[in-house]
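Note that the protein sequences, when read in sequence, are chains P and D.
In terms of full-length UniProt numbering, the first sequence has 44 at position 44, counting the first letter as 1, and numbering is strictly consecutive.
In terms of full-length UniProt numbering, the second sequence has 18 at position 18, counting the first letter as 1, and numbering is strictly consecutive.
Some hints here could point you the wrong way.
Simulated restraints on C-beta separations [said to hold, decoys possible]: (1) F259(D) / S134(P): 26 to 36 Å; (2) L99(P) / A263(D): 36 to 46 Å; (3) D66(P) / R264(D): 47 to 57 Å; (4) M39(D) / G104(P): 29 to 39 Å; (5) P55(P) / L94(D): 23 to 33 Å; (6) G104(P) / A263(D): 28 to 38 Å; (7) R267(D) / D79(P): 19 to 29 Å; (8) D109(P) / G215(D): 15 to 25 Å.
Source of the hints: derived by calculation from the structure; they are not laboratory data.
From the three backbone atoms N, C-alpha and C, an ideal C-beta is built for every residue, glycine too.
These are the residues of each chain, in order.
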Amino acid sequence: MGKAVQIDHLSVYYGDTPAIKDVCLEVAQGEFLGIIGPNGGGKSTLLKAILGLIPANTGTIRIFSDGPLGYVPQFATMDKRFPISALEVVLTARQKPGLSLFKGYSKEDRTMALMQMEKVGIQNLAKRQIAGLSGGEFQRLLIARALALEPKILLLDEPTASVDAGSRTQIYNLLEELNKDMTIILVSHDLLAVSSKVQKLACMNGELVYHGEPELSEGVVNKLYGCPVELIAHGVPHRVLKDHEGGMHKC
Amino acid sequence: MLSALFEYQFLQNALWACLLASIVCGIIGVMVVEKKLVMMSGGIAHTAYGGVGLGYLLGFEPIIGAFIFSVGAALGIGYIKRKGGVRSDIIIGLFWSLGMALGIIFISLMPGYPPDLNSYLFGNILSVTRLDLNMMIIMTFITVVVIIALFNNWKAYLFDDEFASIIGIKTVFLEYFLLILVAMTIVVLIRVVGIIMVLALLTAPAAMAGIFTSGLKSRMIGAVIFGAVFCIAGLWASYALNLASGACIVILAVSFCFFAFAARSVRMKQKRKIASSRNE
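The following block holds chain P by itself, in its conformation from the complex:
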């Protein structure tokens, strides 16, 4: 199995403050990687650095993919009142790099865009303005847009934040399906869902605190969140935390 992304000694600074320090991470092709961590821990920064949206201060990021990177941002950052229809949002992904003079969208573009919308289950909303979409529908629309690029690597930034529970399950099932065809890197706060679907887990708190199987020990969680954290360990359908002895610790 080949590599998809290789990150060596990556540091990203915002001014003088390090957002990410000395991160070394390798993502295999076809892997499903979940990235978790506290707010401000550098998860989104890592994603944006991979996408080339923020420059790296030190270190290198190498992408081993012959296709484009599919990016799915949080829907909350978008302007929902912008006058654009759902289909048009997906179509924007079909634009070529550079400046396209007098270029419209071809029939092929439209068929392809509708296909992606069908994949995420929103083909009926094609003509609707985005202001009329719910959070879950809008988030799925952004996934469809990324899929229209036919990417080999899909990067998602908290795709289930502020999304209803039904859409959340739908999105995670969809990602599991898509993982058969592409590498997926998912940043999420949703610890439980992340651990149930992903193959590998990375924990970011300024540095890469942990990278391995999605099974967290108390020590890792402590290092991740900075102080002992009380976690609810679900036994069904699987455990997130290793079995451990002893009681709760207080900060």
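Take the given structure of chain P and dock chain D to it, following the hints.
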């Protein structure tokens, strides 16, 4: 007024100016409102006054000076925002005042009594010259061509410039070019409503169109139509009532806008009442 229209060249020029202004303020106004560039446009417009003063001082057409300073302000604000990391409202405030101050100084440096340069501040559509019209025609033409030619690129950039830059669309170029188009639009609008009231024609038609239509293209078309209605009706009112033309246009545009907002909120309240009474 119709008979006077056919008789007097200055009224015909004024009407042409109205139509050209409506086209640019409709198209660019929608983009300014969507990209939240209203304050930046105000900053660019007021910086133009420095160019007006410089043109007067050095003996070239003030409107050309206005154009140079507008484009300079547009690129300057854009660059500083991008590289310098200074907050945009601070930069805008600085350029805004500096332009006005420079204009005042340049004008005062010229010996003798200055001619009526107030027409640049408050507009005087009835004194639009052949040169002004030619400049307006060129700017309107460039604006329309650039928007239509790259329409899909513009749409992608306006909606989500981050995603657009990831897929390789030249967003930095589009950002600077949009600011230049705003500068050109302001130069066209200076003649109609003046530097001080330019914001009204950039925002009111676009806001009205936003209430009645959705979809970027239809909003632009709607804004052009509303702009034309405001300008022509304002021109008529100022001719009939012998009042300042720029101010008439602005008062009409803004009152219609307020009325439309009020009507919409009343309708929304009614809808909510009906919906809640149904649920009881």
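- Query: So which of those numbered hints doesn't the model satisfy?
  - Reply: none
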